[in-house]
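Student: My request is simple: use the sequences and hints to build the entire structure.
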Amino acid sequence: MKKLKVASLLLCAGLFLAGCGDGGGSPEGPESEGKSSISWMAMLHTASPPSGDVTQKLEEYTGVEIDFTWVPDASKTERLNAALASNSLADIVSLTEINNTTVRSSLASGMFWDVEPYLEEFPNLAEISEDRLESSRIDGRIYGVPFLKPIARYGVLVRKDWLDNLGLDVPSTLEELAAVAQAFTEDDPDGNGADDTVGFVERDESFNVGFRSLSGYFGADNWFTITDDDEVMPSFMQPEYKEAMEWFRNIYDNGWMNSDFAVMAKNDQKNYIVQGRGGIVLSGLQEVRNYIDDAAGTDEEHMEWVLINDIVHENVERRILSDTNGGMGGWLAIPKNNVETEEDLRVVLKFINDLMDEEPFTLMTQGIEGVHYEIDDEGVYVRLDDTKWQQEVQPFSSSRPSELVTVFPSSNPYVNLANEKIRENEEFAVINPAQSLTSETYDRSWSSLIEGISDAYYQYMTGEIEIDGFDTAIETFLRNGGQQIIDEFTEDYRSQQ
-7 MKKLKVASLL
3 LCAGLFLAGC
13 GDGGGSPEGP
23 ESEGKSSISW
33 MAMLHTASPP
43 SGDVTQKLEE
53 YTGVEIDFTW
63 VPDASKTERL
73 NAALASNSLA
83 DIVSLTEINN
93 TTVRSSLASG
103 MFWDVEPYLE
113 EFPNLAEISE
123 DRLESSRIDG
133 RIYGVPFLKP
143 IARYGVLVRK
153 DWLDNLGLDV
163 PSTLEELAAV
173 AQAFTEDDPD
183 GNGADDTVGF
193 VERDESFNVG
203 FRSLSGYFGA
213 DNWFTITDDD
223 EVMPSFMQPE
233 YKEAMEWFRN
243 IYDNGWMNSD
253 FAVMAKNDQK
263 NYIVQGRGGI
273 VLSGLQEVRN
283 YIDDAAGTDE
293 EHMEWVLIND
303 IVHENVERRI
313 LSDTNGGMGG
323 WLAIPKNNVE
333 TEEDLRVVLK
343 FINDLMDEEP
353 FTLMTQGIEG
363 VHYEIDDEGV
373 YVRLDDTKWQ
383 QEVQPFSSSR
393 PSELVTVFPS
403 SNPYVNLANE
413 KIRENEEFAV
423 INPAQSLTSE
433 TYDRSWSSLI
443 EGISDAYYQY
453 MTGEIEIDGF
463 DTAIETFLRN
473 GGQQIIDEFT
483 EDYRSQQ
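Residues -7 to 489, numbered by the numbering used here, are exactly what the sequence shown covers, in order.
Derived from the structure by calculation, the hints contain no laboratory data. Hints may contain errors.
Stated by the list, open to error - Now the in silico label distances, taken between C-beta atoms and shown as ranges:
| hint | residue 1 | residue 2 | range |
| --- | --- | --- | --- |
| 1 | R375 | N259 | 16 to 26 Å |
| 2 | D302 | G247 | 20 to 30 Å |
| 3 | P109 | T69 | 26 to 36 Å |
| 4 | S403 | T219 | 47 to 57 Å |
Glycine included, each C-beta is placed from N, C-alpha and C at the ideal position.
Tutor: In structure tokens, the structure reads:
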């Protein structure tokens, strides 16, 4: 079968992490006759489709010919919407826009196989966690193998060398963290005699990222919560959320964080940190590597960090909000028009299962040994040629069915520590309970409605309004469609109980 190729844009780095075991290539899972080739509409996050021999190696391992159609990330929405509307698909379709209305309605339409009854037949698919399966449901069904991601990657990064300079212990509670923020601002943690440091360094995505993670420590839930009477309510309406806002506003009012956080872009935040101007970050734990790398050769090259993933507050049990849609990055969906029989469905599912073995995962992450990497005496994968890897391996990164297959040791101890901490987060993760629910009003109006709440958050944080002004924003949200979202989600939730 002729391989399909398309041009593409953009660059996206691959992820690393730990997880489920090796399922073995051909020997395990049900034996199937039928399809000998599989077409795959896959997302492309690099400048061009992959060259080289990785596809051939994957074909050798799985025993099927792979016919990729690469969809550039820059045009994926229009391309997928058109393909879904015309039913011009492939045996596997990578659907990664989880909240895309067309995607969700297509999944719910019966166009794709409900794969849940078949997962237990395949060793790797049978090991998918219940949390990830629950996050991938549409109308109670699983219309594709979920892309598996770490469930919760966030925590608190704190300058350890500054703690040591001031004789402070690593904070384990929010009260202690506030005290550290004050000390980092007022007590000259870098010892240069100047009043030039703050505690927290936040950025313009605070509402969606840093503060959202912080609110979880207070007991606020992940975007939505289920009340005692089974009502599905936005988490920003919880008392715990407002308590978190008041706590963080106090940090801001005291000058213990950067005053320009509401307009600070992510790269500017990184530069601020690398310049040694702040020492506490609410962030993905893996971000510490970027700070260390960028500080090399500067006055801050000796910076040290502690990675904290167990901050607690008063009587709230340890928890961390999922930042990855409950560890689910979309669906490997299988259209019924392309894969017409259960026999062929099992061939496709076995193929996906086999890609979750360690050998193909390594091929799609590191490449081919001796061509793209070598393994040193410490077990670290050493890249031989960055350009060659980017051209021949990196395009496969976003098509790995699971990011959890194995962990690759790093020469950077912070990478290894971040992996360990992120793996620990799994036990304490809080996922969005509304993710698998359906609301037409949410699909149509959420992005515009939540903008009003976001604006009110920044206005409150910077002192433009007080908490009653935030309550007014909630009333506007409810009046303009928010109450309908609550009603529709609640009806769907109660119907499934």
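Student: Indicate, hint by hint, whether the structure satisfies it.
Tutor: Hint check:
no.: 1; hint: R375 - N259: 16 to 26 Å; in the structure: holds (24 Å)
no.: 2; hint: D302 - G247: 20 to 30 Å; in the structure: holds (27 Å)
no.: 3; hint: P109 - T69: 26 to 36 Å; in the structure: holds (31 Å)
no.: 4; hint: S403 - T219: 47 to 57 Å; in the structure: holds (49 Å)
In this structure, none of the earlier numbered hints is contradicted; all agree with it.
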